[in-house]
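Spelled out, the chains give:
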Amino acid sequence: MKALTRPPTSLWVDAWRRLLKNKAAILGLGIIVLVFMVAIFADDSVVAVLAGREPQPLLAPMHFAKQSLENNNAVPSWLTHVFPTLKPVGTEGGYAKINDTYLLGADYNGRDLLSRIIYGTRVSLAVAIVGPLVSLVVGVSVGIAAGYAGGRTDNLIMRFVDIMYGFPDLLFIILLMALFRSTTGAAEAGTLRAVLTGIDNAMGGMFFIFVGIGVTAWMSMSRLTRGQILSLKQKEFIEAARAVGAKDGRIIWRHILPNILGPIVVAQTLNIPQYISTEAFLSFIGLGVQRPTPSWGSMIADGASAIRTYPNQAIFPALALAAIMFAFNFLGDGLRDALDPRLKGTD
Amino acid sequence: MGIACEKETMGRYIARRLLWLLVVIFSVSVITFVIAHAVPGGPFSREKKLPPAVLKQLNEKYRLDDPLWKQYVEYMGGIFIPRLTSGEPSTSYLEDYLINIPLGEYTLRWMNFGPSYKSQSRTVNDVFRENLPVSAELGFYAFLVASVIGIPLGIVAALKQNTWVDYIAMGIAIFGVSVPVIVLGPVLIWLFAIRLPIFLPSGWGSWRAEVLPSIALGLGSSAIIARLTRASLLQVIREDYIRTARAKGLMERVVIIRHALRNSLIPVVTVMGPIFAFLVTGTFVTETIFGVPGMGRYFVTSITNRDYPVIMGTILLFAVVIVIANLIVDLLYAWLDPRIRYD
Numbered sequence: 000m001k002a003l004t005r006p007p008t009s010l011w012v013d014a015w016r017r018l019l020k021n022k023a024a025i026l027g028l029g030i031i032v033l034v035f036m037v038a039i040f041a042d043d044s045v046v047a048v049l050a051g052r053e054p055q056p057l058l059a060p061m062h063f064a065k066q067s068l069e070n071n072n073a074v075p076s077w078l079t080h081v082f083p084t085l086k087p088v089g090t091e092g093g094y095a096k097i098n099d100t101y102l103l104g105a106d107y108n109g110r111d112l113l114s115r116i117i118y119g120t121r122v123s124l125a126v127a128i129v130g131p132l133v134s135l136v137v138g139v140s141v142g143i144a145a146g147y148a149g150g151r152t153d154n155l156i157m158r159f160v161d162i163m164y165g166f167p168d169l170l171f172i173i174l175l176m177a178l179f180r181s182t183t184g185a186a187e188a189g190t191l192r193a194v195l196t197g198i199d200n201a202m203g204g205m206f207f208i209f210v211g212i213g214v215t216a217w218m219s220m221s222r223l224t225r226g227q228i229l230s231l232k233q234k235e236f237i238e239a240a241r242a243v244g245a246k247d248g249r250i251i252w253r254h255i256l257p258n259i260l261g262p263i264v265v266a267q268t269l270n271i272p273q274y275i276s277t278e279a280f281l282s283f284i285g286l287g288v289q290r291p292t293p294s295w296g297s298m299i300a301d302g303a304s305a306i307r308t309y310p311n312q313a314i315f316p317a318l319a320l321a322a323i324m325f326a327f328n329f330l331g332d333g334l335r336d337a338l339d340p341r342l343k344g345t346d
Numbered sequence: 000m001g002i003a004c005e006k007e008t009m010g011r012y013i014a015r016r017l018l019w020l021l022v023v024i025f026s027v028s029v030i031t032f033v034i035a036h037a038v039p040g041g042p043f044s045r046e047k048k049l050p051p052a053v054l055k056q057l058n059e060k061y062r063l064d065d066p067l068w069k070q071y072v073e074y075m076g077g078i079f080i081p082r083l084t085s086g087e088p089s090t091s092y093l094e095d096y097l098i099n100i101p102l103g104e105y106t107l108r109w110m111n112f113g114p115s116y117k118s119q120s121r122t123v124n125d126v127f128r129e130n131l132p133v134s135a136e137l138g139f140y141a142f143l144v145a146s147v148i149g150i151p152l153g154i155v156a157a158l159k160q161n162t163w164v165d166y167i168a169m170g171i172a173i174f175g176v177s178v179p180v181i182v183l184g185p186v187l188i189w190l191f192a193i194r195l196p197i198f199l200p201s202g203w204g205s206w207r208a209e210v211l212p213s214i215a216l217g218l219g220s221s222a223i224i225a226r227l228t229r230a231s232l233l234q235v236i237r238e239d240y241i242r243t244a245r246a247k248g249l250m251e252r253v254v255i256i257r258h259a260l261r262n263s264l265i266p267v268v269t270v271m272g273p274i275f276a277f278l279v280t281g282t283f284v285t286e287t288i289f290g291v292p293g294m295g296r297y298f299v300t301s302i303t304n305r306d307y308p309v310i311m312g313t314i315l316l317f318a319v320v321i322v323i324a325n326l327i328v329d330l331l332y333a334w335l336d337p338r339i340r341y342d
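As they're listed, the protein sequences go chains G and A.
With the first letter of the first sequence counted as 1, position 320 gets the number 319 in numbering that gives the first Met the number 0; the numbers rise by one all the way through.
With the first letter of the second sequence counted as 1, position 258 gets the number 257 in numbering that gives the first Met the number 0; the numbers rise by one all the way through.
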């Protein structure tokens with residue numbers, strides 16, 4: 000994203016124009032902007048934090064944790080037409096409570112599904128922002144360090160990356176999350192563990208997800224950056240910069256980085272769906288965000304166990320997740336075609 | 000002489016890769032072991048505290064009071080060092096080996112993954128024996144789904160490039176890439192097991208139960224295969240030798256099947272490694288959603304139970320399998336395409 004707001008250079012302006020012509024990518028971008036808006040204005044926390052009061056729901060009909068047990072599993076009447084197996088009380092074999100205040104129905108605790116899906120955008124988007132950020136900062140620095148230094152440093156760093164690469168990503172994240180999320184043996188106050196757990200609790204369990212994703216996400220980025228730098232280092236313009244006395248920092252910042260930005264931005268955008276689905280997956284198996292913070296992954300997990308009786312509880316969060324994944328994939332594909340037209344139609 | 004040279008490089012390449020395999024397995028096992036044991040609260044700390052005497056006895060029995068390195072060495076020794084024993088195999092669950100090969104009066108026994116802490120009377124090997132075949136079956140079917148859908152889709156898209164056939168095929172591919180198993184699973188169950196009760200929503204053992212999870216798991220990979228097949232075929236079609244084949248008057252069908260397709264499928268082999276890894280880890284979710292009694296579902300529960308031997312064993316086994324699969328894929332690729340250099 001940062002790349003697109005740089006002072007206009009012909010490459011980026013060109014790319015932007017090509018992107019605008021790609022309908023799927025613009026649709027994706029539109030959905031992403033919309034979801035961002037929904038995430039920001041789910042409640043009025045922007046104002047409430049400044050005024051020092053509790054945030055009130057704004058776009059969401061109610062707070063995500065508001066329970067009303069007498070309305071558990073309630074469904075609005077329009078859903079009984081969409082899902083014919085959802086039979087309302089009173090009809091033959093009917094079991095579903097009808098309550099039209101819940102637009103998409105309520106979950107097993109009587110919490111509004113729509114509100115939880117709306118608040119759930121925050122978790123997914125937070126991951127979509129922090130994932131690339133961590134992987135950019137760590138991955139690109141490591142890649143630059145390895146590629147630019149070369150020789151032994153390069154060898155050492157890349158061997159380490161290779162070893163970590165041998166470790167299946169998801170297994171590693173699961174293992175880390177199991178470590179972070181172990182509930183017994185409460186941490187003693189003042190220890191690093193206690194501090195980290197405190198931060199995590201304050202963020203509704205998102206901090207450890209960021210760490211988990213960050214720990215694995217930087218590796219492919221460092222490989223990509225290193226490869227790009229190795230091929231650039233030999234080019235004449237770098238030689239020329241060095242000949243006129245430019246220092247390493249300046250060469251990296253002014254000459255190398257702008258040239259490798261394109262592939263990095265594309266790779267990051269295409270990685271975002273992966274971060275989002277990792278978070279959803281972790282929340283699905285119960286290692287992700289902490290209840291009652293809503294995540295689409297944990298909502299799908301709850302809904303999946305009741306799919307025979309209340310299909311709406313799994314289907315709607317699933318659709319939300321699919322939509323955001325589509326959007327980022329479309330945008331990523333479009334960005335790739337726009338930034339490097341030679342790659343168009345290849346993978 | 001040229002051939003001898005080539006063989007030597009190939010041999011050296013394989014040797015180097017095998018050595019590297021050992022390094023990776025060693026690192027993975029150390030990292031897993033350290034993390035699994037860094038989890039606060041042992042496997043026996045429960046909501047209701049056990050009496051200290053019992054706890055002490057349990058810790059002694061499983062040698063949990065030994066220094067960590069000693070536990071590690073013993074654990075790895077149990078798995079990797081084969082043993083020759085004579086006489087009746089011991090029935091102690093501390094000595095349960097996954098592989099037992101009778102050699103006359105001796106038995107070669109290998110891979111002892113230790114006891115499970117949670118279910119006192121079972122070993123990790125029992126868990127493997129019971130659940131692993133199911134997961135392997137699911138993975139195999141998913142792989143079939145991925146290839147059977149992915150390769151034809153990619154071929155059709157490439158042959159009809161920039162027509163509606165291509166757009167629809169690539170639309171399906173983007174759909175497959177974008178929709179994770181946790182989305183596809185509930186939707187498939189609702190559509191094809193509840194709304195139209197063709198298949199069973201959960202279970203394993205009959206084709207009606209096995210179709211949906213295999214599709215849910217395989218569809219994402221089929222999309223990756225389709226995109227790669229398309230890209231690779233498009234590139235091959237533009238090569239000179241294809242033009243030559245056409246120029247000498249071969250039928251288009253022969254040109255495509257005999258000349259283009261063969262070479263275009265070589266790069267597809269390279270994604271088989273990552274796809275394999277994806278399918279293996281994908282079984283966790285798929286099995287949980289579809290209630291498939293496989294390794295994945297067991298693994299997820301063993302995490303909440305902090306059953307380290309099961310966590311360790313599963314991760315180690317899966318990591319080794321994935322690393323070996325990657326090695327095989329690389330060798331296969333080098334063998335299929337002699338232009339690849341071994342470095």
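Heads up, a few of these hints could be off.
Stated by the list, open to error - With a cut-off of at most 25 Å between alpha-carbon atoms, the simulated DSS-like pairs for lysine-lysine come out as follows:
#	chain 1	residue 1	chain 2	residue 2
1	A	K159	A	K247
2	A	K117	A	K60
3	G	K20	A	K69
4	A	K159	G	K22
5	A	K55	A	K69
6	A	K60	A	K159
Claimed, not checked - Residues from chain G that face chain A, not an exhaustive set, calculated with beta carbons under 7 Å:
#	residue
7	G51
8	Q55
9	V81
10	T90
11	Y94
12	F283
Claimed, not checked - The following label-pair restraints were derived from C-beta to C-beta distances:
#	chain 1	residue 1	chain 2	residue 2	range
13	A	P151	G	V48	38 to 44 Å
14	A	D336	G	R290	47 to 53 Å
15	G	G89	A	R128	28 to 34 Å
What the hints contain is simulated information worked out from the structure, not anything from laboratory work.
For each residue, glycine too, the CB sits at the ideal point set by N, CA and C.
Among the hints numbered above, which are violated by the structure, and what are their numbers in rising order?
-> The structure conflicts with hints 3, 6, 7, 8, 9, 10, 11, 13 and 15, although it agrees with all the remaining ones.
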